[in-house]
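These protein sequences, in sequence, are chains A and B.
All residue numbers for the first sequence refer to numbering that gives the first Met the number 0, where the first residue is 0 and numbers rise by one.
All residue numbers for the second sequence refer to numbering that gives the first Met the number 0, where the first residue is 0 and numbers rise by one.
Derived from the structure by calculation, the hints contain no laboratory data.
Treat each hint with caution, since some may be false.
Said to hold, decoys possible - On the chain A side, residues computed to face chain B include the following (Cβ under 10 angstroms): (1) T50; (2) S58; (3) E59; (4) T65; (5) A98; (6) G106; (7) G141; (8) D163; (9) D193.
Since this is a predicted model, take the numbers as computed values, not measurements.
Just so it is clear, CB atoms sit at the ideal spot from N, CA and C, and this is done for glycine as well.
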Amino acid sequence: MAKMTMIEAIQSAHDTSMERDERVVVYGEDVGFFGGVFRCTAGLQEKYGPTRCFDTPISESGIVGTAIGMAAYGLKPCVEIQFSDYVYPAYDQIVSEAARLRHRCAGDFTCPLVIRMPVGGGIFGGQTHSQSPEAVFTHVCGLKTVMPSNPYDAKGLLAAAIEDPDPVIFMEPKRLYNGPFDGYHENPVVPWRDHELGEVPEGYYSLPLGKAEIRRPGEQVTILAYGTMVYVAQAAAEEAGIDAEIIDLRTLLPLDMETIKTSVIKTGRCVIVHEATRTSGFGAELATLVQEECFYSLEAPIQRVTGWDTPYPHAQEWDYFPSPVRVSRALQQSMEA
Amino acid sequence: MSEFPPLTFNVPAPELRPGDTPDFSGVEIPRAGSARRPPVDVDPKEIRDLAFTIIRVLSRDGEATGEWAVDLPDDELIEGLRHMMRLRAFDARMLMAQRQGKTSFYMQHLGEEAIACAFQKALNKGDMNFPTYRQAGLLIAQDYPMKLMMCQIYSNAEDPNHGRQLPIMYSSKEYGFFSISGNLSTQYPQAVGWAMASAISNDTRIAAGWVGDGSTAESDYHAAMVFASTYKPPVILNVVNNQWAISTFQGIAKGESGTFAARGHGFGIPSLRVDGNDYLAVLAVGCWAAERARRNLGPTLVEYVTYRAGGHSTSDDPSAYRPKEEGDAWPLGDPILRMKGYLIRKGIWSEDRHTQAEAEIADEVLSAQKEAEAIGTLSSGSAPSARDMFEDVFKEMPPHLIKQRQEAGF
Numbered sequence: 000m001a002k003m004t005m006i007e008a009i010q011s012a013h014d015t016s017m018e019r020d021e022r023v024v025v026y027g028e029d030v031g032f033f034g035g036v037f038r039c040t041a042g043l044q045e046k047y048g049p050t051r052c053f054d055t056p057i058s059e060s061g062i063v064g065t066a067i068g069m070a071a072y073g074l075k076p077c078v079e080i081q082f083s084d085y086v087y088p089a090y091d092q093i094v095s096e097a098a099r100l101r102h103r104c105a106g107d108f109t110c111p112l113v114i115r116m117p118v119g120g121g122i123f124g125g126q127t128h129s130q131s132p133e134a135v136f137t138h139v140c141g142l143k144t145v146m147p148s149n150p151y152d153a154k155g156l157l158a159a160a161i162e163d164p165d166p167v168i169f170m171e172p173k174r175l176y177n178g179p180f181d182g183y184h185e186n187p188v189v190p191w192r193d194h195e196l197g198e199v200p201e202g203y204y205s206l207p208l209g210k211a212e213i214r215r216p217g218e219q220v221t222i223l224a225y226g227t228m229v230y231v232a233q234a235a236a237e238e239a240g241i242d243a244e245i246i247d248l249r250t251l252l253p254l255d256m257e258t259i260k261t262s263v264i265k266t267g268r269c270v271i272v273h274e275a276t277r278t279s280g281f282g283a284e285l286a287t288l289v290q291e292e293c294f295y296s297l298e299a300p301i302q303r304v305t306g307w308d309t310p311y312p313h314a315q316e317w318d319y320f321p322s323p324v325r326v327s328r329a330l331q332q333s334m335e336a
Numbered sequence: 000m001s002e003f004p005p006l007t008f009n010v011p012a013p014e015l016r017p018g019d020t021p022d023f024s025g026v027e028i029p030r031a032g033s034a035r036r037p038p039v040d041v042d043p044k045e046i047r048d049l050a051f052t053i054i055r056v057l058s059r060d061g062e063a064t065g066e067w068a069v070d071l072p073d074d075e076l077i078e079g080l081r082h083m084m085r086l087r088a089f090d091a092r093m094l095m096a097q098r099q100g101k102t103s104f105y106m107q108h109l110g111e112e113a114i115a116c117a118f119q120k121a122l123n124k125g126d127m128n129f130p131t132y133r134q135a136g137l138l139i140a141q142d143y144p145m146k147l148m149m150c151q152i153y154s155n156a157e158d159p160n161h162g163r164q165l166p167i168m169y170s171s172k173e174y175g176f177f178s179i180s181g182n183l184s185t186q187y188p189q190a191v192g193w194a195m196a197s198a199i200s201n202d203t204r205i206a207a208g209w210v211g212d213g214s215t216a217e218s219d220y221h222a223a224m225v226f227a228s229t230y231k232p233p234v235i236l237n238v239v240n241n242q243w244a245i246s247t248f249q250g251i252a253k254g255e256s257g258t259f260a261a262r263g264h265g266f267g268i269p270s271l272r273v274d275g276n277d278y279l280a281v282l283a284v285g286c287w288a289a290e291r292a293r294r295n296l297g298p299t300l301v302e303y304v305t306y307r308a309g310g311h312s313t314s315d316d317p318s319a320y321r322p323k324e325e326g327d328a329w330p331l332g333d334p335i336l337r338m339k340g341y342l343i344r345k346g347i348w349s350e351d352r353h354t355q356a357e358a359e360i361a362d363e364v365l366s367a368q369k370e371a372e373a374i375g376t377l378s379s380g381s382a383p384s385a386r387d388m389f390e391d392v393f394k395e396m397p398p399h400l401i402k403q404r405q406e407a408g409f
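Okay, chain A solo, but in the shape it has when bound (with noise of 0.2 angstroms):
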């Protein structure tokens, strides 16, 4: 075991991959000589050569149109666009080629393929440095969607990415880079290194896509939530004094509806927080299926705490991001409904 923050376990991730199996090829802006404007490709290039790591022209619909024919092929690219606010020029590539490509031809040609973005804010940002577009990915079919909350998850996701026959949506929260955040953020940053799941394997494993984990077990209310949001919620949880149980997703899509179920079953009372704007957003989805399935259970209406339904302002960032003290009113009010 190393201690490792979210970059380091997500290179780490790229590293076993690429040295378990050579069809692995890791490409995108500034990902090579450089190692990725994050670091997440660090000594990639330098280890296995800029054959199988190297630096692309400023195109995401290059990056992703030139990965399709080569899972077409039959390598097993692992793409970065640089953040997530820049991955709309490939969105016709995504949607219309990758995610059909298996169903258009009944399996003739597949596309096993990894496209990674950093999500979120919280960093300032603005506009083009902080969009959670999770929702644009989960809406497709013939996508995975994944988004883990912390460096053990990361590589371990990352690795079953990159193993998966089928296109997978793989979004980085930048906020929890460097370590967890709760939302305050005139505190000082808690290191991964101080956190237990800042301890990751330095060999080889993979954590299965479409299982969520349950972070704090509760009675009283289910919150639902993935990336940064995890660690909001817990603060609010403290905060308000509540038995809360918050379920970290940790992918999206295919969603782990079980957990979700028993656990809103158990407490009656849901409250789901995204960073992502709220119309038409993830939690829209998570609300329907949990009035779907636990209807009967529901002691109060599901609460939504979100990013404003507005791009995400610069000077006004933190009245945007969806704060601990926003959850615990959410959290309250179910608890009086």
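Please build the complex by placing chain B on the supplied structure of chain A, with the hints as guidance.
This is chain B only, laid out in the frame that chain A set:
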């Protein structure tokens, strides 16, 4: 007040519209045999002229002339003609089948048969095409079973795509024919990526991307050109300029100056412009580009100058936007008639043999059609199961899809 006059806005328009008399006198057609054939390792800046001329082999008199004329065995020449004839006969039957309600949609190749039929002969087993919807000649030229193509068109129980894709969106890994998407130019960067993978894997196989004149305007086309110029993978980048993108003339995608081939120069990619209605010229240029790719010399851009003599698809009526007789006036002629004339002049073909071949091919196509229709058409017979639509979204069906399939009652 500006010292300049008011600005005006330029919207290119074709010179002729319905009712006008077709006139291609402004289209410069170089003499067959006049273009030089450079060595495959030529510096792209030495051959800029080849992106503006038209490489032609077959002359008006049915002679093969010039440096690009290759000596093919008689049987291969005749086979080439027969492939084009078969594609045309196939198109005719399937157009009729669509009119009869046996399928929803069809796209024909009329006037463009030489391009895919000849190009395929430049490739080897294992190479991969990333075709658009108007390259069925790539399959026909490999004797891919027409019955399977028809099963796909009819979306019947033996459709290799299980009825999931629009008619003519074939897929065959075995025949080096990548699954057609139907989205435009998306497969151009994929062809480049496939070729990059081949080079990364130290393989010997090459790829070919295909795009039409209109869709060169898509950003994916330019992304593919950037990646091809950067990594120099073994890929042939084909642009089929058939003059029309549905109702939009090629001047809207390209503007009113330059050529599609000339765009390769900005990327440092050797670029050739070829007579797309000339089977021998297409084959010669295809072989030149393929040799460059196999020798690790990198990508080649090829523009095929042709004319879409039919409608864009069965949903299109070209008489609404261009003169009806324009196709007949097209100065590069009909690819089948030109090849036929060449073979007759060469003494290895005759009017009688041609008529006989037409009848044989019509029989072949008809018997394939009967076999396919015995299985089913879109409107009758055996269809793929509804249950099947839930398969292959993922390799393993996730719980939510299993649930939806149950809900749907399959």
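List of violated hint numbers, smallest to largest: Structure breaks hint 9 only.
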